[in-house]
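There are 4 protein chains.
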Amino acid sequence: MKIFIDCDPGVDDSIAILFALFRKDVEIVGISTSVGNVSASKGAENAMRILKLAGYEGKIPVCAGAEKPLRGECEDFPTFIHGVNGTGNVELPATSQRPMDMDVSDFMYQKACDHAGELVLISLGRMTNLANTLARYPDYAGKIKRVVAMGGTVYASGNVSPVVEANIGGDPEAADIAMQADWDMTLVGLDVTTVTHLTRADVDKLLRCCNPAKKDAVSFISKALQHYMNGSRIQNYTMEYSPLHDPLAMVVAVDPSVVTTRKMVTRVECGGTYCRGKIVVDLREQPIKGRFVEHCLEVNSRKALNELFAAFQN
Amino acid sequence: MKIFIDCDPGVDDSIAILFALFRKDVEIVGISTSVGNVSASKGAENAMRILKLAGYEGKIPVCAGAEKPLRGECEDFPTFIHGVNGTGNVELPATSQRPMDMDVSDFMYQKACDHAGELVLISLGRMTNLANTLARYPDYAGKIKRVVAMGGTVYASGNVSPVVEANIGGDPEAADIAMQADWDMTLVGLDVTTVTHLTRADVDKLLRCCNPAKKDAVSFISKALQHYMNGSRIQNYTMEYSPLHDPLAMVVAVDPSVVTTRKMVTRVECGGTYCRGKIVVDLREQPIKGRFVEHCLEVNSRKALNELFAAFQN
Amino acid sequence: MKIFIDCDPGVDDSIAILFALFRKDVEIVGISTSVGNVSASKGAENAMRILKLAGYEGKIPVCAGAEKPLRGECEDFPTFIHGVNGTGNVELPATSQRPMDMDVSDFMYQKACDHAGELVLISLGRMTNLANTLARYPDYAGKIKRVVAMGGTVYASGNVSPVVEANIGGDPEAADIAMQADWDMTLVGLDVTTVTHLTRADVDKLLRCCNPAKKDAVSFISKALQHYMNGSRIQNYTMEYSPLHDPLAMVVAVDPSVVTTRKMVTRVECGGTYCRGKIVVDLREQPIKGRFVEHCLEVNSRKALNELFAAFQN
Amino acid sequence: MKIFIDCDPGVDDSIAILFALFRKDVEIVGISTSVGNVSASKGAENAMRILKLAGYEGKIPVCAGAEKPLRGECEDFPTFIHGVNGTGNVELPATSQRPMDMDVSDFMYQKACDHAGELVLISLGRMTNLANTLARYPDYAGKIKRVVAMGGTVYASGNVSPVVEANIGGDPEAADIAMQADWDMTLVGLDVTTVTHLTRADVDKLLRCCNPAKKDAVSFISKALQHYMNGSRIQNYTMEYSPLHDPLAMVVAVDPSVVTTRKMVTRVECGGTYCRGKIVVDLREQPIKGRFVEHCLEVNSRKALNELFAAFQN
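Residue numbers (our numbering), protein chains in the order written: chain A, 4 to 317; chain B, 4 to 317; chain C, 4 to 317; chain D, 4 to 317.
These are calculated hints, taken from the structure and not from any lab test.
Misleading hints may appear alongside valid ones.
Intra- or inter-copy, both count: the list cannot distinguish identical chains.
Within a straight-line C-alpha distance of at most 25 angstroms, the following computed DMTMM-like cross-link-like pairs (lysine to aspartate or glutamate) qualify [what the hints assert, rightly or not]:
#1 292 with 121
#2 148 with 185
#3 5 with 285
#4 218 with 288
#5 292 with 79
#6 148 with 117
#7 148 with 94
#8 5 with 288
#9 146 with 185
#10 226 with 76
#11 5 with 310
Just chain A, same shape as in the assembly (with noise of 0.2 angstroms):
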């Protein structure tokens, strides 16, 4: 499975992208980084240094994307969260790596393709680069063989509003671009990430567990958890776990057995004052006009977490 990671690492971006790069019937064609945890610039350094950690330097082109969303300014980062550098404070080896040196939209539209028909591109951060993408290059969705996007929450709670998830809510107009694009899209969304606890205890377990040539990068997941566990404990009182947002999207997009989903007709709200950003779904008999996203409803998580961490052991 050929896959074009869209991201912002991110601590969680990064465990994404050391997953699919340990999983053996994964192949990582490119990385883009737009802003949202980090600036875009700071995003694909960290994606560079995450190859480096798992033994893919260089191998795999990572190109910096936008770095504003389609309107407004952008605002503080998450520090809280992911710290000042992304990676939970926890300081990776530098790598002599190179981002590309081309505009993102069209080293998107390049990989697309370079594998047309075939490439599974997933989003773990905001859609700018996407809706970009769609707009210089109208036929950019025809390539993509399907989306998988961590975004958006249908019924659970929001993270940056009573009903509005960080990536969809950083640039709403460019969302509901990506969400009316002529492609198949599966949004794996609060309502799945929210219940899937990685913890403590299962990290310390992996530690004990995992190849001895993916020690390190455990041992990096390990260190940036702490940060990131605390940011998730200041904000949502969770002690020593934290919810599973872009790890759980790249394993429901190499195993989607592990979801059940619900396709929706959906636009996203760009008004308001609680629910700019916020997912629409219309069940209505006769619903607005829109495309049929799918939302991921259900989760076996304990399925979810234990394919995860498989691909550090193997």
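Place chains B, C and D on chain A using the hints.
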């Protein structure tokens, strides 16, 4: 139990009023109307004709209130549901009763003072009159025992947008004011009203089982529902049944055991394209500022319907 | 939020009091005790030592109340659960605070008058003091904003008989009087407390995560729970966890959104072999005479526990 | 399958007997009656007329039993449900059959001995006759294959008190004796009978679909249900339907697959104001002394009704 009804009759408002009139343990001390299903003045006329139909002509004061929401103009009346006259195009006999010649807020406040601490306010339409009275009389909320309101939806689909119910969507600013007032409010919304089905078959049974003295009222209900159920069919594809909106709120007021509820920090979204009028509940650990409003989540529909019909048999 | 606590500390009462003391949005205006887990006088002493432990020595008045239920004598104290001293056999430092030298009903009524209309009464033990105060001061109920009581069970198993919970079973006559009073009462019973598991693992986490200024309180909790969890294990075969009784009632008082509830016509059975103290709810169409009491039916246990622990971290 | 029926006909008892007579795989070896819906002697007369109606005049022995519960006197008969004559005020043709001139316990014991180890005892009324026979013949229980009894409620509302069903409430001491006997007992209680709706519409269909040879029986059922359903309507607000009590127990006896069950330690409360006659199940880890009784918790109502009706079509 003493109640004050603010409504916009309306076919289902009419059934709710008849139910309250026929419950031996309920005393209606006043009725006010606002624009909604029909104009406020037409709604007042309908309310008075309903009183006459049930043998209460001139015995309960009725006052017409707001003809406009707090902000903006009114949209067209939903005549395909409630008919041109608001009572499903069934012409009720004229009444000699005249509406109160006074401001609706003065009227509502006076009734609240007359029965301070024991009056249950039943809100079956937009909350414009409530908001205006709260603004004029800051101690109004403190005189009301509790509020039971038909309106909103937390998890179910909306009926004027994918996520918005008509009573709240018709005046979001007023609803938010009413919900932030210092009183206990229970919202009977689409989560429970749309799963409670008022069927033609049941109404036919009621025609056979009803108290002869209440036959005229039941006949009216039966006829008015022809238009109402047809409107429901056109809008929601329901054949020979409709959701039970306002009457369910009235049943919950007299017997709260038919529903399960959850109190949640609640605000009303007043902006946006799809979400203006949406009920926003915040279940996060550190919620936004807002009051706890009690929302009905599940309903024993069969029991609620049987209690509704029983008032016409006894 | 101003609260008055009537209790019988008791290990779980102590945790509940500490939680209330550490919640910034809660102000305890008084504490009364009745016989239950220990004698009323011993309970008062325990409450005062808890106040000292949390840095509130002498700042909140404590009054000892009923040493007997309305009818009959007391059974032996449940020392295998709460220890001989009521605090799990952990010896708390002595305090110079002395209990109020006045009748408990006078004390309770005075506090209700001082904060008329805004005081939330938290009942964590038998309702003997409540019943006596209601009898002496007929207008007591009207001065209380609402009552949140730990006690009873509707569908879950009892803990002193197959169908009876200890607080209600310890004084059924008092409980029936309290439930028929003209105030809003929410019962947090075994239906929700026995499915909310306080685990040794979570307490260990809290020891690591807590605010250093609250370390003494958490250490006390950790130690007292050794005896308490052991008692739970002997009685209910629970290994290293216990149900969460009194603290859950306190959490519900500050955040009612953690539970779903149903208001039901309620009486307390005062006779019988197995049913003396049973909560009798009447959901029939034509119920017996009785007031609507709100019963908690389901709980978001994880959220409730996290909110409980958060007060010791902030 | 050989069965012995102890009953108190009664409209629904009559339907249950007819069902058993028409089931080809069922053989009724005897019928006894006790006071309940009518007197024991009147019940015996009704049973014999039912036999004649179905073509079994004089072919199955009928014996009248207890005219009083073990303790206390009888209350008035529920004529508004079963009519003055027990068969919904429908006058069935007289029969030349006479009731057995012997003690009911001798009769029950003799039948048990005649079919030792293979007789299923169906209890459709109070358990007075069972208790008396168990007292007189200590080895009675050992001769019975199993008992299927209509009675009690675990979670559903009662019908003679908030928590008590009529058959058990009519003689709690007898019920407790019967439940502590050393035999396998299945209780078909209100948890399943009140959610299984016998509707006028279905009976009308049966009139059209039934075997011509059984038309008289169905006509009788149809007429008797007019009074019975009206009584249900007055008591429980059910329009043109009623719960399915005794016939469901009979269906469960022949096809236990229509229900899910749980065996629970069970006693009958014999004291109290609201709870005299309440089924007390003990699910605690260390339960009281009591035998396991099997309680029906859920039912496939549509299947059960269809099986009931099928016996009248074949």
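Comparing the hints with the structure gives:
1. For the identical chains of this complex, residue 292 and residue 121 are inter-copy neighbours only, at 19 angstroms across copies versus 28 angstroms inside a copy, given an alpha-carbon limit of 25 angstroms.
2. Proximity of residue 148 and residue 185 under a CA criterion of 25 angstroms is satisfied in both settings, with 11 angstroms inside one chain copy and 12 angstroms between copies.
3. In this assembly of identical chains, the alpha carbons of residue 5 and residue 285 lie at most 25 angstroms apart only when taken from different copies (23 angstroms versus 32 angstroms within one copy).
4. Taking the shortest Cα distances, residue 218 and residue 288 sit within 25 angstroms of each other only across copies (23 angstroms), while inside one copy they are farther apart (53 angstroms).
5. Taking CA atoms no more than 25 angstroms apart as the test, residue 292 paired with residue 79 passes between copies only; the shortest distance there is 22 angstroms, against 34 angstroms inside one copy.
6. Taking the shortest Cα distances, residue 148 and residue 117 sit within 25 angstroms of each other both inside one copy (13 angstroms) and across copies (22 angstroms).
7. In the homo-oligomer, the alpha carbons of residue 148 and residue 94 never lie at most 25 angstroms apart, since the shortest distance is 36 angstroms inside one protomer and 47 angstroms across protomers.
8. Taking identical chains as interchangeable, the C-alpha atoms of residue 5 and residue 288 lie at most 25 angstroms apart only when they sit on different chains, with a minimum of 21 angstroms there against 38 angstroms within one chain.
9. Taking the shortest alpha-carbon separations for residue 146 and residue 185, both the intra-copy value of 10 angstroms and the inter-copy value of 16 angstroms come in at or below 25 angstroms.
10. In the homo-oligomer, the alpha carbons of residue 226 and residue 76 never lie at most 25 angstroms apart, since the shortest distance is 32 angstroms inside one protomer and 51 angstroms across protomers.
11. With identical chains, the CA atoms of residue 5 and residue 310 are at most 25 angstroms apart within one copy only, with a shortest distance of 19 angstroms there and 39 angstroms across copies.
Taken one by one, the earlier hints fail for this structure at numbers 7, 10, listed in ascending order.
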